[in-house]
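The hints should help you fit chain F onto chain D, whose structure is shown.
If you want the building blocks of each chain, they are given just below.
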Amino acid sequence: AQTIHQWPVAEIKAVGSPLSLGCTIKGKSSPNLYWYWQATGGTLQQLFYSITVGQVESVVQLNLSASRPKDDQFILSTEKLLLSHSGFYLCASGQANTEVFFGKGTRLTVV
Amino acid sequence: QQKVQQSPESLIVPEGGMASLNCTSSDRNVDYFWWYRQHSGKSPKMLMSIFSNGEKEEGRFTVHLNKASLHTSLHIRDSQPSDSALYLCAASKGSGSFNKLTFGAGTRLAVCP
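Which chain is which? The protein sequence lines are D and F, in order.
Residues in the first sequence are numbered from 1 upward in steps of one, following the working numbering.
Residues in the second sequence are numbered from 1 upward in steps of one, following the working numbering.
Hint data in this document are derived by calculation from the structure and do not stem from the laboratory.
Keep in mind that the hints are not guaranteed to be accurate.
[To be verified] Restricting the straight-line Cα-Cα distance to at most 25 Å, the calculated cross-link-like pairs of lysine-lysine (DSS-like) are:
(1) D:LYS70 - D:LYS28
(2) F:LYS42 - D:LYS26
(3) D:LYS26 - F:LYS100
(4) D:LYS28 - F:LYS45
(5) D:LYS13 - D:LYS104
(6) D:LYS13 - F:LYS42
(7) F:LYS42 - F:LYS67
(8) F:LYS45 - F:LYS56
(9) F:LYS67 - F:LYS56
(10) F:LYS93 - D:LYS28
(11) D:LYS28 - F:LYS42
(12) F:LYS100 - F:LYS45
(13) D:LYS26 - F:LYS45
(14) D:LYS104 - F:LYS45
(15) D:LYS104 - F:LYS42
(16) D:LYS70 - D:LYS104
(17) F:LYS100 - D:LYS28
(18) F:LYS93 - F:LYS56
(19) D:LYS104 - D:LYS26
(20) F:LYS100 - F:LYS56
(21) F:LYS56 - D:LYS104
(22) F:LYS3 - F:LYS56
(23) D:LYS70 - F:LYS100
[What the hints assert, rightly or not] Here chain F is said to cover these stretches of chain D; the calculated rule only asks that three of the stretch's residues, wherever they fall, bring their Cβ under 8 Å from a Cβ of chain F:
(24) 37–50
(25) 87–98
We put the beta carbon where it would ideally sit given N, CA and C, even for glycine.
Next up, chain F with everything else stripped away, as it sits in the complex:
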């Protein structure tokens, strides 16, 4: 069973609309959450990270984290066709000397003009 669950599997939003993506970890030992974006045929690139309860905003992107429920969400406002991609959520533990990222299966976002 996936330790990082993402929903929905796919999402279609109109250009200029709001996209909301969800992610929950079933591993209570994780401390850090990451959101990566992967365009078709390309490698993933980190969008945002969050380690503390609350909200973090960068431009059109806002990420929320509730550490008690190990739930994070990514919200994209004023969505653009270039935002169409696979969005991957990942979680990692705070201890250790290497980065053991566990990825979810992703949410495929399509932004329609």
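Isolated chain D (complex conformation):
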């Protein structure tokens, strides 16, 4: 069975500070990976997707970047956080037109 581990579970960071969120997938080889973001009370938005190692495509511009250094790892980062980056970040896995599985998420508060 596929499992998605996200870290950290929660973060409180200052405006202007850097951020790195991680995600590891187990139980699925060469998965399609996604980063989603949900502002408090807001809609779930797909930020990035990756079909293979080293390749990441941006879907929505939020002054964030993503990388896929290994087949089972997906990283979301930024060098300077904004207040508007607060929210719930979800890593997900799923092939085209199949169920998308979400990790448990990271809750980010920017102060």
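Just chain F, lined up with the frame of chain D:
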């Protein structure tokens, strides 16, 4: 403007009652519809999916799809307090090598004992 519109925004039903949730896509290229449930503070989990015209039933949950109008609905019978959650509708296109899901803003369901 949201490409996936959900209604109502919120819904209160009594325990044992029927909850009906609606979702319409304004993107005529979508082929697949998904319903996810998200309990407070948790990540979304898929409830049901539907790709063909008609109806699909799984336990207390029934989903309908009208592809001509790009409208899907989710019906929950014998609603339980544990069904209280945010229900998200998503749509995706049939072609492509990755899953570009577009989510609606959701319907917040409260089931009162």
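Please name the hints from earlier in the document that this structure breaks, with their numbers sorted from lowest to highest.
-> The structure breaks hints 7 and 21; every other hint is satisfied.
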